[in-house]
Structures are given as C-alpha cells and as structure tokens.
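Knowing the structure of chain C, use the given hints to seat chain F on it.
Residue numbers (this note's numbering), protein chains in the order written: chain C, 1 to 419; chain F, 1 to 337.
One or more hints might be untrue.
One-sided excerpt, in silico: chain C residues whose CB lies under 10 angstroms from chain F [claimed, not checked]:
| hint | residue |
| --- | --- |
| 1 | Asp-168 |
| 2 | Ala-233 |
| 3 | Val-402 |
In short, the hints are calculated from the structure, not lab data. Please read these numbers as outputs of a predicted model, since none were measured by experiment. Note that beta-carbon positions come from the ideal geometry of N, C-alpha and C, so glycine has one too.
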Amino acid sequence: MSSRREAVRSPEPAPLKLHVPEPAVRPGGTPDFSNIRIPRAGQVDRPNVDVDAEAIRDLAFSVIRVLNRDGEAVGPWAGALSDSELLEGLRHMMTLRAFDARMQMAQRQGKTSFYMQHMGEEAVSCAFRKALAPGDMNFPTYRQAGLLIAGGYSLVEMACQIYSNTHDPLKGRQLPVMYSSREHGFFSISGNLATQYIQAVGWAMASAIKNDTKIAIAWIGDGATAESDFHAALVFASTYRAPVVLNIVNNQWAISTFQGIARGGSGTFAARGLGFGIPALRVDGNDYLAVHAVAKWACERARRNLGPTLIEHVTYRVGAHSTSDDPAGYRPKTESEAWPLGDPVIRLKNHLIVRGAWSEERHKQAEAEILDTVISAQKEAESYGTLHSEQRPSARDMFEGVFAEMPPHLRRQRQEAGV
Amino acid sequence: MTRRTMIEAIRDAMDVMMSRDDDVVVFGEDVGYFGGVFRATQGLQAKYGTSRCFDTPISELGIVGVAVGMAAYGLKPCVEIQFADYMYPAYDQIVSEAARLRYRSNGQFTCPLVVRMPTGGGIFGGQTHSQSPEALFTHVCGIKTVVPSNPRDAKGLLISAIEDPDPVIFLEPKRLYNGPFDGHHDRPVTPWSKHDLGEVDDGHFAIPLGSAAIRRQGKAVTILAYGTMVHVAETAAAETDIDAEIIDLRTLLPLDLDTIEASVKKTGRCVIVHEATLTSGFGAELCALVQTRCFYHLEAPIVRVAGWDTPYPHAQEWDYFPGPARIGRALIETLEA
Numbered sequence: 001m002s003s004r005r006e007a008v009r010s011p012e013p014a015p016l017k018l019h020v021p022e023p024a025v026r027p028g029g030t031p032d033f034s035n036i037r038i039p040r041a042g043q044v045d046r047p048n049v050d051v052d053a054e055a056i057r058d059l060a061f062s063v064i065r066v067l068n069r070d071g072e073a074v075g076p077w078a079g080a081l082s083d084s085e086l087l088e089g090l091r092h093m094m095t096l097r098a099f100d101a102r103m104q105m106a107q108r109q110g111k112t113s114f115y116m117q118h119m120g121e122e123a124v125s126c127a128f129r130k131a132l133a134p135g136d137m138n139f140p141t142y143r144q145a146g147l148l149i150a151g152g153y154s155l156v157e158m159a160c161q162i163y164s165n166t167h168d169p170l171k172g173r174q175l176p177v178m179y180s181s182r183e184h185g186f187f188s189i190s191g192n193l194a195t196q197y198i199q200a201v202g203w204a205m206a207s208a209i210k211n212d213t214k215i216a217i218a219w220i221g222d223g224a225t226a227e228s229d230f231h232a233a234l235v236f237a238s239t240y241r242a243p244v245v246l247n248i249v250n251n252q253w254a255i256s257t258f259q260g261i262a263r264g265g266s267g268t269f270a271a272r273g274l275g276f277g278i279p280a281l282r283v284d285g286n287d288y289l290a291v292h293a294v295a296k297w298a299c300e301r302a303r304r305n306l307g308p309t310l311i312e313h314v315t316y317r318v319g320a321h322s323t324s325d326d327p328a329g330y331r332p333k334t335e336s337e338a339w340p341l342g343d344p345v346i347r348l349k350n351h352l353i354v355r356g357a358w359s360e361e362r363h364k365q366a367e368a369e370i371l372d373t374v375i376s377a378q379k380e381a382e383s384y385g386t387l388h389s390e391q392r393p394s395a396r397d398m399f400e401g402v403f404a405e406m407p408p409h410l411r412r413q414r415q416e417a418g419v
Numbered sequence: 001m002t003r004r005t006m007i008e009a010i011r012d013a014m015d016v017m018m019s020r021d022d023d024v025v026v027f028g029e030d031v032g033y034f035g036g037v038f039r040a041t042q043g044l045q046a047k048y049g050t051s052r053c054f055d056t057p058i059s060e061l062g063i064v065g066v067a068v069g070m071a072a073y074g075l076k077p078c079v080e081i082q083f084a085d086y087m088y089p090a091y092d093q094i095v096s097e098a099a100r101l102r103y104r105s106n107g108q109f110t111c112p113l114v115v116r117m118p119t120g121g122g123i124f125g126g127q128t129h130s131q132s133p134e135a136l137f138t139h140v141c142g143i144k145t146v147v148p149s150n151p152r153d154a155k156g157l158l159i160s161a162i163e164d165p166d167p168v169i170f171l172e173p174k175r176l177y178n179g180p181f182d183g184h185h186d187r188p189v190t191p192w193s194k195h196d197l198g199e200v201d202d203g204h205f206a207i208p209l210g211s212a213a214i215r216r217q218g219k220a221v222t223i224l225a226y227g228t229m230v231h232v233a234e235t236a237a238a239e240t241d242i243d244a245e246i247i248d249l250r251t252l253l254p255l256d257l258d259t260i261e262a263s264v265k266k267t268g269r270c271v272i273v274h275e276a277t278l279t280s281g282f283g284a285e286l287c288a289l290v291q292t293r294c295f296y297h298l299e300a301p302i303v304r305v306a307g308w309d310t311p312y313p314h315a316q317e318w319d320y321f322p323g324p325a326r327i328g329r330a331l332i333e334t335l336e337a
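Excised from the complex, chain F in its bound form:
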C-alpha cells in the first residue's frame, strides 16, 4: 500500500501492466521521453525502451488509427489523447473502426485498446481544455467508457481496461489528478495523501468494469455521479445535511444498473450530476433508465444538474461548473417535491 496521487496511480497501472505483458505499448503526444504533459507516463520510456513507450506526431487520428492496427496485430496499446477536447479528429477511428472491428469481422479481428484522455473542467481550461465528451462515447456500441474519481479506482480500473479484450475509453478528470476537488474553488485543495482513497495497493489489482461504488450510504435521495462530481456531491450533501446515497458510477458503459435501481427503489428520489452539457448528455440516459426501472418507487421528478448547454467558458468558470451550491439546491428541490 502506497499513498499516491491520481497521476501516480495511473502511471503505476501502466507500469504494472507493461511489466506483466510485453504486448502492452504506450504512446501519444509528449508521452515518451518527457513523460506526458501531466507526467502520467514519466519514467516508462526509460524503463521499457522506446519501442514500448514513445512520442507520436501530433495527429489524434494517427494515434488511434495506428493503435487499432496494432491491436488487430495482437498488441494491447494504451494510448493518450492529450486532452479529451482534442479527440475529435480520432472520432472516426474510435466509432467506425475500434468499436466495430470485432462485430464486423465476426471476431476474426479484435481491438483490445485503451484510449486515455484527461477530461473535465474546473481548471480555467476554457473551451478546449475542459470538455466532458463521455456521451459521445456511451452512444457508440462496441466501446466501454470509464471515468474514475480517485487514485485507487484509477489504478484498478485502468488495469481492467488494459486487460479488457475490447476498446475502452478511459476519461481521467484532470481536476482530480493531484487531489479531490469539492467545487469550493476559493478554498485550498486537500492532497490525495490526506484522503483514504489515496491509499493504493502496490502491484497488480483490478476493479471490474461495470461496477459502481456507493461512496455514501443514505436514505433520503440517490445521487448518481462520476468523476469530479462525486466529490462535489459529497460536499453538497454534507452542507445541506441531507442523507443522500451517493453512487460513483465509475463505468458508464457497461452500467451497473442493479446498484442504481436498488438505491433509487430505497430512497424514492434521484439527482443526476455531471459536468457535461445537459441536452443529450449521459444524464438523459440515466434519467430514462431510472424512470423506466423505478417509476412506481419515485416520489419526485428526477432532477439533473449539469453543465449549461454552452461551450465551456473561461471567465465564467464557476458560473458554469455545477458546484456544491447548485447541487445542494437540487437536493432540497427534490426533497420538497
């Protein structure tokens, strides 16, 4: 057991997998010699050599495209897109190729590929360093989408993602890289070393994809969240003194619907929180599923707290980011309904 930041945990996951499996290769922009702009791959090239960890030209479509070819050959590429905001040039390779390869070839070719990408806002990243494009992945059949919220999960989920026989989009909330963030931007951030979930097992361990974690047991309302919003929701529940059950989804697809359903049937109320824009966001899918599964147990309309339907602004960061105050209001609203 070692105290690690989320970056360290992610790096450790790749280190563990590269040492266990010669077929694991890591590459992306600035990923090799320099160790990544967020330091997620620091030391890997020195340890495993340039043919296992290397820099690429600035071409997202190229990075994912060659990774699909490598995966078809039999390697297990774990590639990095520097910011999720820059994945769009690779979208065709992800949607039309990686996601469909097993299906269209009837299993002759498969794509055991992981695409890591830093996601989310709260860092004054403006329009192209803050987006949360998860709904653009969950809508695609054939890929899995993972969003960890802490170092322990990040390592265990990334190991599962690399071991998974199918393509996985691994979205890393960059706001959480160095410490949990509760949305109170005006207060100092606690480092992961002071948080229970900063305690990360050494060596190999896996957290299965498709399983949610209950971060707080509660009876009054169920909060469905993932990534940074898990911590913001915890703070909102504490500040409103509402006995919320907080579910960290961890994997958006496949989704742990059983955990969600059991919780909402218990509480009768549901608040869904994400940073991504509201319309057609992943919250809409969650809302529809809860409504269908738990209709007779619901005592109030399901509420969604999300980013506004605008591009992510710079100066208005904290008017945009769904902070504890907005979530708190939604909790009160659903309890008063």
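Okay, chain C solo, but in the shape it has when bound:
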C-alpha cells in the first residue's frame, strides 16, 4: 500500500509495471491462510428468500457456517436436517471419498487413463444434492460426482464409464469422469470449461417458458469464472430472472493457478453477483449443514420464481488437480493440513458424535462397509472390462449418435473402417 501512496505523491509518474498476483506461499514455504477471513459459526443472518440482492450485500463478503469448533450446529442456518438425513449425508461423502481412492489407484494400475478426485470438496456436491427435487437439472463440472452418489446413481455405472468398457453408458466416447445421467438430473459433462454455466441458465429459462416447476443448478470452479460464459450466464440469469442457482466452487486452485489469478486482488467470487443484481452468498464449503441450508434457501428462491442466486462455496482442493498433476510443483505439500475449514467428513462425523447419533466405532465400521461396497462395484465393473482389455465398446458405436440418423458420408466411413 505504501508504494501506491508514494506513487500518488511523487511529482512525475514512475514507469508502469505489470502487476501479476502471486499466492502467499510457494513450495518449501509455510502454509498461510491468514488472508482468509472466517467468521464464527452461526454469525451470519438468514434473510427471507424474497430479499433484494442489495439488502444482503454483506453476505457476499462473509461466510455462512453452521458447525462450530465443538461440532455443534449453531445459528439461524442450523436445524434443517434430521439425524438420519445427516447420517445418510455422511455416508454419501464417505462413499465418494472411497470411490475416489479406488479409482485413483485403478488409474495408477493402468485400468483407466485418467481420474479426478474430490478430496476435501465432498460436502459441496453431496449436501447440495439433498436440497433438490426430482426433475431438477444440474449442469456440473468434472468435480461434482457427489451429485450422482447422493442422487442414487450406480457406482458400477460410474466405474464402467471410467473404464470405458462394454457397460459404459457413454459407449467409450467420453474421457473418464465426464459422466452423464439425465435420469439423475446430471447434465452431460463437457471438457470445455464454463460452457455448461450459461446452458444451465437456458435450461432454467425453458422451465419458466413452459411454466414448469423444475429448476436448474449451475456449477463452476473458481478458475473457470474467468471464462466469458460465466459473465454471459450472470447477464442472462439476471435479465430473465431465470430459476437457476449459480454455484462457484472456490477450492483456491485452478490446476497450478491460485485463485487470485482469476479473481484479482479485491472482493470475492460471490461479490461478482452483486453487479448483476443477483443475491450472492458465501458458504463454508466444508460444512455439510451450511451447504445444505444455503442450497435449500437458493432453491426455494428459484422455485418461487424469485430469480437466480449466486453461491460461492469456500473450500480447498486437497488432492491433485487430476491424475496427471503434481501439486508439489506449485504449492506447499502441507497446505491442505493448514486449511482453516478442516475436513468435511470429519466435521460432520464429529457433529453426529456430539449429537449422540454416531460413534468412532460405528464410523470405523461404516468405513469398512463402504469400502466393501465400493470394491464390489469396482469388481463388477471390471468384469465388463477395463480400458486396455479386450472388452471394449464396439468400433461401430464410434459412428453412432453423431446425428439422430447416420448421414451417407458417415455410413461410407463406417464401411471403410470395416465395422
């Protein structure tokens, strides 16, 4: 700041210099999250769903939290879920984590080419899914598989997609983790970042045009908010008051790029909604109860035709970006341990123990059961083949589905390919 002041005082402007934001710490340094301001649990108000964006500007700069350090649920956002619902939520997160671990290993064993984990972000998609109604449509990125798991999608089908085998619902056409399940309200994932954000707005507009009751849920990461589609989505959502919830999962990292590169030096990602007149909230993304409460609030707004809501989920990408990435090259190895919002699974577990609904023993037992379930799903999927096995979708499938009906030139090419 002092240099800025000097610049103003000095009689002649100094030569210009390009500002390139840098994270506070690099490999070898001591992790430092002192720049992240975290209010105490229960501190942030819960406004009515018909509130004006202008009236809750401060929510875009705070963090809604329910679980306190002692594992108690406190404040106006607490109390929406029963013990059995929370136990189910815990199971979803544990399942996603176990599935991630197995698929990560499967990639290392050469059973598939690629995988992307959710480590540390399990609460975001798992808790959000519980706020949705049948028929609502998510437009996810590649890091919201919790929507599928919490939505009851089969682990076997997920693994089959990852293995690109004979039972792959997408016939081997898509890179692993680019799932699609219309039935489960999970729009087809694209490799092109942010494209689905504006599509979600269009889907929501369609629902409004048809006087339907379904809503759309848009998902984007912190890095991808820099794409033009993010801006377009906010413009259209605002203009047409589309029944859409616009989620930003701020996990601090876009591959090797810290979030300051996408966001710049001021404000928050949530604050970007304010310029568009969209109510914007920030939530503790590692607090299952908070994510769910905020999701429910935003979904209710959308369903009551009150328009879009922007939610920034503050979390941390504990794992590598993908199986092709090594975070040790750009951030301290122990950074995730220093993350002030902790681990979503442990926090919910502790809360349930505090409530007397859970125990360490039952948790260990559940971990073992879940691992068994995941392994047996994995084994079943492997019985239908893995990437380099003989059991693969047919080369004939490669030519299908480009169009509803195969045009003559594709028929000729299929013939030429000898399939």
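Frame of chain C, contents of chain F only:
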C-alpha cells in the same frame, strides 16, 4: 401460394412452426419487439407473446449457450445471430457443445437447435458484414449446414431445420433477402415478386435437408454453387452461352453427393463457385469429393472460383465478389482445357 421475398418466406417458416409447435422459441438481438434488423421476425412477438419470441442481451455466446440449455430441456430454439460475422463468440458453444451433445451423452441429451445467421457479401458490408463462414461449420461433426438461394427453398429448408432433431446452422444470404442478385451491381435488381421461386406455398411444407436442386440442366460443364452464387452462375452461363448444368447444393452437410456425381459423370467438367475465401473453403471439400468420385470421367481439372484469400474489403467490393465475368472466364477455361 403467395409471392414472398426471402425475408417474408423465412418469417413465414418461423410463424408456421411456432403455431404448430409450442416448443419452438425465437430469440436474438433486436428480434423481439422490433422484429429484427432485417425484419425476419416482425410480428412474431405480438402474435406469440414475449415468452416465445424475445430480445436478448448482446452476447452471441449467451444466445447460443442458453439455446443449447433450452434444447436439452426439450424446446426447439430457433435463434438469430445478427450477422454471420459475429458468430465467433458463440463458436465454442456451437462446436464444443451443440454439435457434440448427442454423441457425448449417448443420446441422453440432444440439441434440436437452429442458428440463423445472415451471411455473404455484395452489399458493401465491409469486413464484418460480408463474411461467408460456412467452412467453419462444415468441418464440425454433429451439425448440419444449410444455405438457401431463394424464398421457396428458404421456407421449406428452415421448416426442415426447425423440425430436425440435431443442430442446424442456417445461413441466409442477405444479398438475396429482397431479390435475386446476379452479380451485375450496376443494374437494377429484380424483386422476388417477378421470380418463379418467389412463389411460396402457404402453410407447412418441408424441403428435406441433404438434397440439392438442379437449377439449369446442361451437358457441357457442372457448376456447383449455393446461396447468391447460384444466381451469378446462371447469369455467367447465359452470358457465355455455355450449356452448364447448375446445381444449387442447398445443404452443404449432409451433402447430396449423388446428384453431384451423376452430373459431373455426365458433363466431365466441374466448376465450383463460392463467395467464401478460397483456401480450405468448402470448395476444397467439393473438389476433393468430385476428384475421388469422378476421376475417370473428368476431362479437365476442376476449377474453383471463390473470394480471394483476404478479409472482405469495402471499396473493392466488386473486385472481390466473384461476379459473372470471373465465373464466365472459369467456364471458358474449363471447356478449353
């Protein structure tokens, strides 16, 4: 049967489809209340209401992006990009999303979407109101590309495009909106009301995508053209008195290769004409296909007449636009070869 301009025929196609199918929605910049800068959507908002026909923010990526989402929901959006020259911000949504959605989701989600865009030059539109970007679409698997050359086709093809279960890029040669244009910029333009193809059936009728039309039967040479160039080619053939067979491709993808092949095998010569720039233009694909399919029937090298490999200039409009004189020279060249 009613005499219509191309604009009227296009508007009528949307009107017919909006009245037949509640899922058809029309939107774009200035498309709603005002009825479009070319009047293609005039009256539609008043007739069908603001939730079926509406104005959008100036964001091509937004227009196509929301349309993809609507199509995934089950609507049939027919959207407008004000000029084809301005489609580039939407290109990612067209190429990476609309075109791939059926394939990548194994049919769980589809994209029955039409993107209308005025295309082509000959109107002193300069660099950003004259381009012909069709080759940027034909290269993309999963989308269909249509270019009508007259009111009757424009209506029948647009109805087919809206009914098609897959995304269609519908390029409308704006030079033809009010009348056929033969490239003689120094002569008055005949309105569509004086042209046979300005007679357009009322109500619903469809011209299937993927079928070409033979505009002139001939024996000496085959001319492959589409859009404005169909009319310029007709004039060039008449002025050189060459018995050319003129094929209006109408749909570039899927392509009616059978009609092309039969004609070139008959004539033994082929001239390809388009306004778009030459290198890697759609003419190159046509040239390769004709060469492969008709090699033993060809009596001369295939000739391409196209826009020069430069941005579309303003002052040099008629030095750039492939007019009847250039096409005529190409016809003579191929016959003398």
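For each hint given before, does the structure comply? Return the numbers of the non-compliant ones in rising order. none
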